[in-house]
Amino acid sequence: MSDETAPPRIEAGGGVRFRLPIYEGPLDLLLHLLKRAELDPHEVTASVVTEQYLAYLELLDQLNLDIAGEYLVMAATLLLIKSFAMLPHPELADTEEAEELKRDLVARLLEYQRYREAADKLAGRALLGRDVFTTPGEQPQEDPNAPRFEASIFDLVEAMGAVLKRMADKTPRGITLRDIPVAECIPRILSALEGGSRVEFTALFADAADRSIVIATFMALLELLRRREVRAYQEVRFGPIFLERAESSDTAPQQG
Amino acid sequence: MEESHLKSILESLLFAAGEPVTAAKLADAIGDVPRATVAKALAAMATDYAGSNRGVVIEEVGGGYQMRTRKDYAAYVRKLLAARPPRLSRQLLETAAIIAYRQPITRPEIEQLRGVDSGGVLETLLEKRLIKIAGRKEAPGRPIIYSTTQEFLELFGLKDLESLPDLSEFKEIERAVEQVNTPPIESVETHPEDVEDVEAVAAADPPPAKDDSESS
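The listed protein sequences derive, respectively, from chains A and B.
First residue of the first sequence? That's 874 in our numbering, and the numbers climb one at a time after it.
First residue of the second sequence? That's 17 in our numbering, and the numbers climb one at a time after it.
Because the hints were derived from the structure by calculation, they are not lab data.
Where is the CB? At the ideal position from N, CA and C, for every residue including glycine.
One thing to keep in mind: the hints can contain errors.
[Said to hold, decoys possible] When the alpha-carbon atoms are kept at most 25 Å apart in a straight line, the in silico BS3-like pairs for lysine-lysine are as follows:
#	chain 1	residue 1	chain 2	residue 2
1	A	994	B	175
2	B	148	A	994
3	B	87	A	994
[To be verified] Chain B regions said to be covered by chain A (calculated; three or more residues, Cβ under 8 Å):
#	segment
4	109–115
5	162–175
[Unchecked claim] What the simulated footprint calls covered on chain A by chain B, stretch by stretch (three residues with Cβ under 8 Å from a Cβ of chain B suffice, anywhere in the stretch; the number is not a length):
#	segment
6	989–1003
7	1024–1034
In isolation and in its complexed conformation, chain A is listed as follows:
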């Protein structure tokens, strides 16, 4: 695939560059292409599907996006099946192998489609925390032994992303180079948590003026979590993240 063979219509796309639909893998992409072409998985080897599949990879390449190996393996499979079909004398081709490749691919697509539909059905159910709610049971704030969900680093980073996104939405663009020592942010966090009070994660950044402060505060928080001086937890799964002082005297790890 050289650049010259790229269909010009993709280059004309202009505005779509950064709104690439995210496919969850080659099977997902193939299902999408089949749906657009109003074909079903049994027709996955139709030329239109192979061509559009390759065009999509080409586009990823032009955008300098990494193409996962799985996509390339699938491309090779599609081309192999196609090449067998194109041989002038069918008896020269290993039609048995081509048929088998195609059967396998169709079977995988059907199977995958089945779980995709199951996932859609699950997503359409009344979700706890979105559509239905329960009583909190025993009061988690009062009872130190009540179950809590330790906020993971993923939860924190996700919450951080939300904070930064909100900032990006409201602050004017402009680059200011500032050095905010992380160490300076640590006492600020600790004083906010003084006297056993808990603070919601986002409240920590409520009065931060720019990204550098937000990031420095976040780094400081991570440091405090690492030192086990602060605990991050959720009362309900996927709920807001709360921060509180940990009893550093008995929970501090020996090796810091």
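Please arrange chain B on chain A, whose structure you already have, making use of the hints.
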């Protein structure tokens, strides 16, 4: 004990518990009422609540009974609690579905079904406690096997794994599709000009990456 009295007690227990509670555990708390009587009363209550215009319902979730707000009022509750709904990406749902239906299942098996590396999404599912490591498979390399959790059932409001949406429906669809399509596939192969037509139409189509409101 009078039935109405029993139901009142059960109502208070379910309200206070919050989480799903089994009939056995409720019977234990009450003490002198047989489990079967409790189960019967619970089933009757579930029907009563569902049929009335109460703001809460009693549902069978994850092996027990649970009091939950009625779905119709989700918007009000969300606003009051300033609740952020769970974020479930497509790949997360897809992987959770595969594990739910095929458990216990190993990572290579999941990746074979999805066609992509699934390490990251498995990590997230574990973090969200929707799946758990159920042990190791007695196979070369003894790979880790995954299964869904009680939290998974609670999140999706499922009584048990048997109440997952039926996959056999898809089998029927597949069979129907197969019957419909066997002849057309042959005709495409015997008449190459059909293929040309399809390609011509496709060329007029926007490229696959063009935003067509499906960008998720």
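Hints versus structure:
no.: 1; hint: 994(A) to 175(B); verdict: holds (15 Å)
no.: 2; hint: 148(B) to 994(A); verdict: holds (22 Å)
no.: 3; hint: 87(B) to 994(A); verdict: holds (16 Å)
no.: 4; hint: 109–115; verdict: holds (count 5)
no.: 5; hint: 162–175; verdict: holds (count 6)
no.: 6; hint: 989–1003; verdict: holds (count 14)
no.: 7; hint: 1024–1034; verdict: holds (count 4)
Going through the hint list in order, the structure satisfies each hint without exception.
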